[in-house]
Amino acid sequence: AQSVTQPDIHITVSEGASLELRCNYSYGATPYLFWYVQSPGQGLQLLLKYFSGDTLVQGIKGFEAEFKRSQSSFNLRKPSVHWSDAAEYFCAVGGPATDSWGKLQFGAGTQVVVTP
Amino acid sequence: NAGVTQTPKFQVLKTGQSMTLQCAQDMNHNSMYWYRQDPGMGLRLIYYSASEGTTDKGEVPNGYNVSRLNKREFSLRLESAAPSQTSVYFCASRAGGMTEAFFGQGTRLTVV
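As given, the protein sequences belong to chains A and B, one line each in that order. All letters in the first sequence, in the order written, are residues 1 to 116 by the numbering used here. All letters in the second sequence, in the order written, are residues 117 to 228 by the numbering used here.
Source of the hints: derived by calculation from the structure; they are not laboratory data. Be a bit skeptical, because a hint or two may be false.
[Claimed, not checked] Think about it this way: if two alpha-carbon atoms lie no more than 25 Å apart in a straight line, the pair counts; the simulated DMTMM-like pairs of lysine to aspartate or glutamate are:
{"hint": "1", "chain 1": "A", "residue 1": "49", "chain 2": "B", "residue 2": "154"}
{"hint": "2", "chain 1": "A", "residue 1": "61", "chain 2": "B", "residue 2": "216"}
{"hint": "3", "chain 1": "B", "residue 1": "187", "chain 2": "A", "residue 2": "99"}
{"hint": "4", "chain 1": "A", "residue 1": "49", "chain 2": "B", "residue 2": "216"}
{"hint": "5", "chain 1": "B", "residue 1": "173", "chain 2": "A", "residue 2": "99"}
[Stated by the list, open to error] Listed next, with one range per pair, are the computed distances between beta-carbon atoms:
{"hint": "6", "chain 1": "A", "residue 1": "115", "chain 2": "B", "residue 2": "187", "range": "43 to 49 Å"}
{"hint": "7", "chain 1": "A", "residue 1": "56", "chain 2": "B", "residue 2": "213", "range": "19 to 25 Å"}
{"hint": "8", "chain 1": "A", "residue 1": "116", "chain 2": "B", "residue 2": "156", "range": "23 to 29 Å"}
{"hint": "9", "chain 1": "A", "residue 1": "70", "chain 2": "B", "residue 2": "168", "range": "35 to 41 Å"}
{"hint": "10", "chain 1": "A", "residue 1": "70", "chain 2": "B", "residue 2": "133", "range": "46 to 52 Å"}
{"hint": "11", "chain 1": "A", "residue 1": "56", "chain 2": "B", "residue 2": "134", "range": "19 to 25 Å"}
{"hint": "12", "chain 1": "A", "residue 1": "111", "chain 2": "B", "residue 2": "224", "range": "14 to 20 Å"}
[To be verified] Covered, in the sense of this in silico footprint (three residues per stretch, anywhere, with C-beta under 8 Å from a C-beta of chain A), are these stretches of chain B:
{"hint": "13", "region": "156 to 166"}
{"hint": "14", "region": "187 to 196"}
{"hint": "15", "region": "203 to 216"}
{"hint": "16", "region": "220 to 227"}
Even for Gly, the Cβ is constructed at its ideal location relative to N, Cα and C.
Construct the complete structure from the given sequences, taking the supplied hints into account.
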């Protein structure tokens, strides 16, 4: 069965500091991996995605993530956080959008607070 | 572009009442999803439809039914609402293959 673990429920970071959010997954085949962000009262917006190839992927808003197969991880990073990055972040794993492989499993989320 | 549209945005139900949450996408996507979001639990999959005419249970299907009416629409029905179904419900859609899911704005449902 597929699963996603986001070990950090809540992270507080100073504006301008670096940010790293952890994501570990369990999946029975080559995973498709995603990071989504949710601002208060809003829907989910895709930050970045990994399907294959280069294990370091770039996303929107200056975020990047690295796929490490040996560690079953897909951690999200940003070198310098802005106040507008305060939000909840979700990691997700799944397969191609055909038959049952297309189910997407989400982690419990990490709430990011940015202090001045 | 509308993307994924959910109706209603807010709803209050009494225990035992029934209702249907509507979802429509205009991106010609094959796959559609229903999730519920509860504090500290992330998004949990209720039902999934890989294509028109097919549906599959997710992690938390009990108390819900779905209908994939056509390629555009995927509805979620609560036959007899319970307080435990108080949640924010999200619909999503996805094209085939190596693609991401696109989400609607959510429906906040309160069962009293």
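These are the hints, each one checked on the structure:
For the suggested pair residue 49 of chain A and residue 154 of chain B, the alpha carbons sit about 24 Å apart, so the restraint of at most 25 Å is met. Among the hinted pairs, residue 61 of chain A with residue 216 of chain B is consistent with the structure: their alpha-carbon atoms are about 17 Å apart, no more than 25 Å. Among the hinted pairs, residue 187 of chain B with residue 99 of chain A is consistent with the structure: their alpha-carbon atoms are about 15 Å apart, no more than 25 Å. Between the alpha carbons of residue 49 of chain A and residue 216 of chain B the distance comes to roughly 7 Å, so the proposed pair stays at or under 25 Å and holds.
For the given pair, residue 173 of chain B sits about 12 Å from residue 99 of chain A by alpha-carbon distance, which is consistent with the 25 Å threshold. Evaluation of the 43 to 49 Å hint for residue 115 of chain A and residue 187 of chain B yields a pass: the beta carbon distance comes to about 46 Å. A hinted range of 19 to 25 Å holds for the C-beta pair residue 56 of chain A and residue 213 of chain B, which are about 22 Å apart. At roughly 27 Å, the beta carbons of residue 116 of chain A and residue 156 of chain B sit within the given window of 23 to 29 Å.
Between residue 70 of chain A and residue 168 of chain B the CB atoms are about 40 Å apart, so this pair conforms to the stated range of 35 to 41 Å. For the hinted restraint 46 to 52 Å between residue 70 of chain A and residue 133 of chain B, the CB-CB distance of approximately 51 Å keeps it satisfied. At roughly 49 Å, the beta carbons of residue 56 of chain A and residue 134 of chain B sit outside the given window of 19 to 25 Å. Roughly 19 Å separates the CB atoms of residue 111 of chain A and residue 224 of chain B, a value that falls within the hinted 14 to 20 Å.
Only when three residues or more bring their CB closer than 8 Å to a CB of chain A does the claim for the region 156 to 166 of chain B stand; here the count is 8, and the claim holds. Proximity of the region 187 to 196 of chain B to chain A, defined as three or more residues with a beta carbon under 8 Å from a beta carbon of that chain, is not established by the 0 residues found. Requiring three or more residues with a Cβ within less than 8 Å of a Cβ of chain A, the coverage given for the region 203 to 216 of chain B holds, as 9 such residues are present. For the region 220 to 227 of chain B, the proposed coverage by chain A is satisfied: 3 residues have a C-beta within less than 8 Å of a C-beta in that chain, meeting the threshold of three.
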